[in-house]
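For the protein sequence lines, the chains are A and B, in the order given. Going by this note's numbering, the first residue of the first sequence is number 1, and it counts up by one from there. Going by this note's numbering, the first residue of the second sequence is number 1, and it counts up by one from there.
If you are wondering where the hints come from, they were derived from the structure by calculation, not from laboratory data. Fair warning: there could be bad hints in the mix.
Claimed, not checked - Using 25 Å as the maximum straight-line C-alpha spacing, the simulated DSS-like pairs for lysine-lysine come out as follows:
#	chain 1	residue 1	chain 2	residue 2
1	A	Lys103	A	Lys6
2	B	Lys83	A	Lys10
3	A	Lys83	A	Lys69
4	A	Lys103	B	Lys83
5	A	Lys57	A	Lys83
6	A	Lys54	A	Lys10
7	A	Lys69	A	Lys57
8	A	Lys103	A	Lys69
9	A	Lys69	B	Lys69
10	B	Lys6	B	Lys103
11	B	Lys6	B	Lys57
12	B	Lys6	B	Lys54
13	B	Lys6	A	Lys6
14	B	Lys103	B	Lys69
15	A	Lys57	A	Lys6
16	A	Lys57	B	Lys54
17	A	Lys103	B	Lys103
18	B	Lys10	A	Lys69
19	A	Lys10	B	Lys69
20	A	Lys6	A	Lys54
21	A	Lys83	B	Lys69
22	B	Lys57	A	Lys69
23	B	Lys69	A	Lys103
24	A	Lys6	B	Lys57
25	B	Lys69	A	Lys57
26	A	Lys54	B	Lys10
27	A	Lys10	B	Lys54
28	A	Lys57	B	Lys10
29	B	Lys57	B	Lys10
30	A	Lys6	B	Lys69
31	B	Lys54	A	Lys83
32	B	Lys57	A	Lys54
33	B	Lys10	A	Lys6
34	A	Lys83	B	Lys57
Claimed, not checked - If you want the footprint, here are the derived chain B segments under chain A, 3+ residues with CB under 8 Å:
#	region
35	18-29
36	52-65
Claimed, not checked - Derived, one-sided and incomplete: chain B residues facing chain A with beta-carbon distance under 10 Å:
#	residue
37	Tyr7
38	Met38
39	Ala77
40	Ile104
Just so you know, even glycine gets a beta-carbon here, dropped at the ideal spot from N, CA and C.
2 protein chains.
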Amino acid sequence: MIPELKYDEKGLIPAIIQDAENGDVLMMAYMNSSSLQMTIETGYTHFWSRSRQKYWKKGESSGHLQEVKEMYYDCDADTLLIKVNQIGGIACHTGSRSCFFNKIER
Amino acid sequence: MIPELKYDEKGLIPAIIQDAENGDVLMMAYMNSSSLQMTIETGYTHFWSRSRQKYWKKGESSGHLQEVKEMYYDCDADTLLIKVNQIGGIACHTGSRSCFFNKIER
């Protein structure tokens with residue numbers, strides 16, 4: 001069952017994707033209510049691509065699908081946290097395991 | 001050194017806050033370039049509160065400060081991942097350890 005979520009003015013909600021096994025944060029992308037519905041129904045993550053303005057089943061071309069293990073929303077219902085089994089171990093389009101490979105040095 | 005980041009049309013960038021020790025995703029909040037600068041300079045997370053429209057040093061009133069351990073930005077430079085030592089162990093204003101305590105049942 002989908003809870004009442006707070007989508008932004010474009011109808012989007014950010015979804016943090018975390019590796020269910022080791023806890024690595026793999027990426028963040030945006031869902032609208034339909035892509036969230038697709039994600040829940042199929043058990044694989046679906047997003048709304050802001051740059052391409054279309055639905056995007058993660059890994060559809062690369063094969064690096066994300067099998068949903070658990071889904072959460074936060075205390076003010078405006079962010080999702082989705083724990084996944086990252087097929088192929090690679091989440092980033094650069095070929096990196098995680099999208100967060102750039103460190104900010106202080 | 002602060003890299004070139006892609007802020008949204010409101011000048012904000014989402015920051016995922018992760019427990020540096022156990023990998024739990026604690027919360028997500030938004031920074032602008034000044035709050036990012038404050039975060040880097042002080043070593044404690046600072047955000048821009050969208051609801052209150054003001055700077056917000058996390059834990060300033062509760063004492064639940066977040067000591068920055070590592071900072072990353074993602075492949076397209078529009079999301080931050082900040083690993084912290086969560087002082088007091090509580091990140092959420094509800095008193096919960098993490099803001100992501102609501103599970104979506106499928």
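* Violated hints, by number in ascending order, as checked against the structure -> 1, 2, 8, 9, 10, 14, 16, 17, 18, 19, 22, 25, 28, 30, 31, 32, 34, 36, 37 and 38
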